[in-house]
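Start from the sequences, fold in the hints, and give me the full structure.
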Amino acid sequence: MKVINAKIFSRLYGILKEPRILAGVMILSSMILVSGISLAIGLADPFRTMVSKPLQPPSMIHLAGTDALGRDLLSRIFLGILISLFISLLGTIIAFLLGLPMGFISAIYKGSKVDDVIMRIVDSLLAFPALVLVLFISASFGQGPLISSIAIGIAEAPIVARLSRGTMIGVLSNQFVEAAVAIGAGKLWIIARYLLPHSSSVLITHFTLTLSAAIILESGLSFLGLSTSPPILSLGGIVREGFLYLETAWWYSLIPSMFLVLLVLSVSLVGDGLNDAIDPRYKVSREYI
Amino acid sequence: MPGLGKIIARRLIVIPPTLLIITLIVYTVIRLVPGNPVQALLGEEYNEAAARELEKQLGLDKPPILGYIDWLGKVFRGDLGTSIVLVNKLKVSDLLLQRLPVTAELALLSLLIGLSLGIILGVVSGLNRGGRIDVIISSILLLNLAIPVFIRAILLVLIFSIALRLLPSSGYVSMSEDPVGNLRLMIMPSLAAGLGVASVIARITRASVIDAMSSDYVMVAQAKGLPRGLIIYSYILRNALLPIITIAGLQLGSLLGGLVITESIFRIPGIGSLVYESIIQRDYPVLLGSVLFIALVYVLVNLVVDILYTVADPRVRYEGDKR
Chain A
23 MKVINAKIFS RLYGILKEPR ILAGVMILSS MILVSGISLA IGLADPFRTM
73 VSKPLQPPSM IHLAGTDALG RDLLSRIFLG ILISLFISLL GTIIAFLLGL
123 PMGFISAIYK GSKVDDVIMR IVDSLLAFPA LVLVLFISAS FGQGPLISSI
173 AIGIAEAPIV ARLSRGTMIG VLSNQFVEAA VAIGAGKLWI IARYLLPHSS
223 SVLITHFTLT LSAAIILESG LSFLGLSTSP PILSLGGIVR EGFLYLETAW
273 WYSLIPSMFL VLLVLSVSLV GDGLNDAIDP RYKVSREYI
Chain B
10 MPGLGKIIAR RLIVIPPTLL IITLIVYTVI RLVPGNPVQA LLGEEYNEAA
60 ARELEKQLGL DKPPILGYID WLGKVFRGDL GTSIVLVNKL KVSDLLLQRL
110 PVTAELALLS LLIGLSLGII LGVVSGLNRG GRIDVIISSI LLLNLAIPVF
160 IRAILLVLIF SIALRLLPSS GYVSMSEDPV GNLRLMIMPS LAAGLGVASV
210 IARITRASVI DAMSSDYVMV AQAKGLPRGL IIYSYILRNA LLPIITIAGL
260 QLGSLLGGLV ITESIFRIPG IGSLVYESII QRDYPVLLGS VLFIALVYVL
310 VNLVVDILYT VADPRVRYEG DKR
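Chains as they are written, first to last, in the working numbering: chain A, 23 to 311; chain B, 10 to 332.
It is possible that part of the hints are untrue.
[Unchecked claim] Short derived list, chain A residues pointing at chain B, Cβ under 7 Å:
{"id": "1", "residue": "150"}
{"id": "2", "residue": "152"}
{"id": "3", "residue": "158"}
{"id": "4", "residue": "283"}
{"id": "5", "residue": "286"}
{"id": "6", "residue": "287"}
[What the hints assert, rightly or not] Here are a few chain B residues that sit away from chain A, every Cβ distance over 10 Å (derived from the structure):
{"id": "7", "residue": "18"}
{"id": "8", "residue": "65"}
{"id": "9", "residue": "73"}
{"id": "10", "residue": "79"}
{"id": "11", "residue": "85"}
{"id": "12", "residue": "121"}
{"id": "13", "residue": "132"}
{"id": "14", "residue": "133"}
{"id": "15", "residue": "138"}
{"id": "16", "residue": "139"}
{"id": "17", "residue": "222"}
{"id": "18", "residue": "278"}
{"id": "19", "residue": "314"}
[What the hints assert, rightly or not] Derived lysine-lysine pairs resembling DSS-like cross-links, with alpha carbons at most 27 Å apart:
{"id": "20", "chain 1": "B", "residue 1": "65", "chain 2": "B", "residue 2": "98"}
{"id": "21", "chain 1": "B", "residue 1": "15", "chain 2": "A", "residue 2": "132"}
{"id": "22", "chain 1": "B", "residue 1": "98", "chain 2": "B", "residue 2": "71"}
{"id": "23", "chain 1": "A", "residue 1": "135", "chain 2": "B", "residue 2": "15"}
{"id": "24", "chain 1": "B", "residue 1": "65", "chain 2": "B", "residue 2": "100"}
{"id": "25", "chain 1": "B", "residue 1": "71", "chain 2": "B", "residue 2": "83"}
Quick caveat, the hints were computed from the structure, so don't treat them as lab data. Don't be surprised by glycine CBs; every beta carbon is placed ideally from N, CA and C.
What follows is the structure, encoded as structure tokens:
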């Protein structure tokens, strides 16, 4: 047991030594911790309106200024960070729940009718720009954070399916899998014993990269006003509010924008770093995400 | 060498099923709308006449399969229904054609900016791999990839309209009315959209330049003592830039998606803002028509790109035949 623990730690240490991953993890975790804690202990109150202090520029009391209703902008940004992360994380999980099985099945039955049908569906889904598909789904089923997550999940699922199919085919072509098949191992056994463990690091990388794409997608959706509704807004929604006051209150849209970019950047730093750290045979081509 | 016609035919064969599945996906979404779909889709615009109209258009008064076939027949005849919100009952197909030139101009300008900037940055970065220039360019690209299109738009407006007062912040005049005014209004939107494309193109260009630099034929060329300029131009760039054709086609998808946001920020009356308006006004036939149209354009453009690539690179023909 101790040996395994030591192994995990040394591996974790090895990953964290990569500067991009370390920077990404630090930025991301401090953003989550600071927002979470200051909201929890009441240091930040995103709902308290002060009618006498609307649209105040950043000062020592209000580090990011105040919004049109005199609410503290930084507190609202803290809440926005958590909302943005929550919706896009849920969306990414849904994308994997939908896309992974498709990719697995496709890879196992590579070249068959099943593979053909799945890949044709994936191609057709990819013909819709992600944002257009998300808009179409959320316009059809009613807008809201949960629908946004589902829509983001459906839009990202074909990319997950295609990438995981490629990864699986790579793992399946190993000789140890052939050997297992030769001695009569079943499909489920091969998935559990070989495919999942051998692709876990690649899948984690996919997950991180998909998450950063999902955050951008969600921000676009809420910037159009079609995801979260006031007063609980994700970062994109706050930027949208601020955009109305762009001429008079630059900080109103600019500061939440900076936090949004920082959020995406921290996640994609981790993703890019992981991508370079993993086995080059299974490298994800980031460009298609 | 196998016939080019055969390869093009093979690419064409997958188009009809893809288009069919696209319509099936769209129709499934409509059918899955819970409760009374017409009422849900129309929202506040709900009234008996509009409801009957939409029901008939989408074949919702029939069982799913019959309704789908009915609707599909109309779609293939180019009949995408009529707007239920706009007073003069515009046909969706007319509306789309009316807005297409605007979006086409914006998309072309953005691609032009994206491709030229992306290729230059990628080549410079790749040729100086590991050097200071490479590190600087790569970091800027990474940062730029993390910036959503609307934030780029806001930054541009803050700088060029509000701080410097150089450019109008939004609006549209057509090219034929006022060419200079048109370009002044189009600069910021196409920069906002094009810079996103540039990052992706640059990263791929850099990777394929590095790839080409480490290839055997470049090493032979260097061993022969050919001048560096010649090696870069006719050995590295010509091989490295071919894949960019394909990537540019694929990028059109996210570009078109981004145009929904860009066009509504800058109030440009293209297909992107049509999508947005149709959602806000609950003009469902218009939304449906635009979504189908965008997917169709994407598939057709990528078909053309595929064929171009096959014509441009003989290796694809050879490998395509082996498969």
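Okay, the hints, checked on the actual structure:
Look at residue 150 of chain A: its Cβ gets to within about 5 Å of chain B, closer than 7 Å, so that hint holds up. The interface hint given for residue 152 of chain A is met, as the beta carbon of that residue sits about 6 Å from the closest beta carbon of chain B, less than 7 Å. Satisfaction of the interface hint for residue 158 of chain A is found here, the shortest Cβ-Cβ separation to chain B being roughly 5 Å, below the 7 Å cut-off. With 7 Å as the threshold, the beta carbon of residue 283 of chain A comes within range of chain B, its nearest partner Cβ sitting at about 5 Å, so the hint holds.
For residue 286 of chain A, the interface hint holds, the least distance from its beta-carbon to any beta-carbon of chain B being 4 Å, beneath 7 Å. Satisfaction of the interface hint for residue 287 of chain A is found here, the shortest Cβ-Cβ separation to chain B being roughly 4 Å, below the 7 Å cut-off. Residue-level check passed: residue 18 of chain B sits 18 Å from the nearest beta carbon of chain A, beyond 10 Å. Annotated as non-interface, residue 65 of chain B keeps its C-beta farther than 10 Å from every C-beta of chain A; the closest such distance is 19 Å.
The Cβ of residue 73 of chain B sits about 16 Å from the closest Cβ of chain A, beyond the 10 Å cut-off, so the non-interface label holds. With a closest Cβ-Cβ approach of about 19 Å to chain A, residue 79 of chain B is found to remain outside the 10 Å limit, as its non-interface label requires. Every C-beta of chain A lies more than 10 Å from that of residue 85 of chain B, the closest at about 16 Å, which supports listing it as non-interface. At roughly 19 Å, the least C-beta separation between residue 121 of chain B and chain A is larger than 10 Å, which holds for a residue marked as non-interface.
Every Cβ of chain A is farther than 10 Å from the Cβ of residue 132 of chain B; the closest lies at roughly 16 Å, confirming the non-interface assignment. Remark: the non-interface label on residue 133 of chain B is consistent with the geometry, its nearest Cβ contact in chain A lying 18 Å away (cut-off 10 Å). Against the 10 Å criterion, residue 138 of chain B stays outside the reach of chain A, whose nearest CB is about 14 Å from its own CB. With a least CB separation of 14 Å from chain A, residue 139 of chain B remains clear of the 10 Å interface cut-off, as annotated.
Against chain A, the non-interface label of residue 222 of chain B holds: every CB pair exceeds 10 Å, the least being about 18 Å. For residue 278 of chain B, the requirement that its beta carbon stay farther than 10 Å from each beta carbon of chain A is met, with the minimum near 17 Å. Every CB of chain A lies more than 10 Å from the CB of residue 314 of chain B, the least distance being 13 Å, so the non-interface label holds. Between residue 65 of chain B and residue 98 of chain B the alpha-carbon distance is near 16 Å, which keeps this suggested pair within the 27 Å criterion.
Taking the CA atoms of residue 15 of chain B and residue 132 of chain A, the gap is about 24 Å. The hint holds against a cut of 27 Å. Among the hinted pairs, residue 98 of chain B with residue 71 of chain B is consistent with the structure: their alpha-carbon atoms are about 24 Å apart, no more than 27 Å. In summary, the hint linking residue 135 of chain A to residue 15 of chain B is supported, as the alpha carbons are separated by about 22 Å, within the 27 Å threshold. For the given pair, residue 65 of chain B sits about 15 Å from residue 100 of chain B by alpha-carbon distance, which is consistent with the 27 Å threshold.
Distance restraint check for residue 71 of chain B and residue 83 of chain B: the Cα-Cα separation of roughly 15 Å lies within the 27 Å cut-off, and the hinted pair is therefore satisfied.
Going down the numbered hints, you'll see the structure goes against none, and every one checks out.
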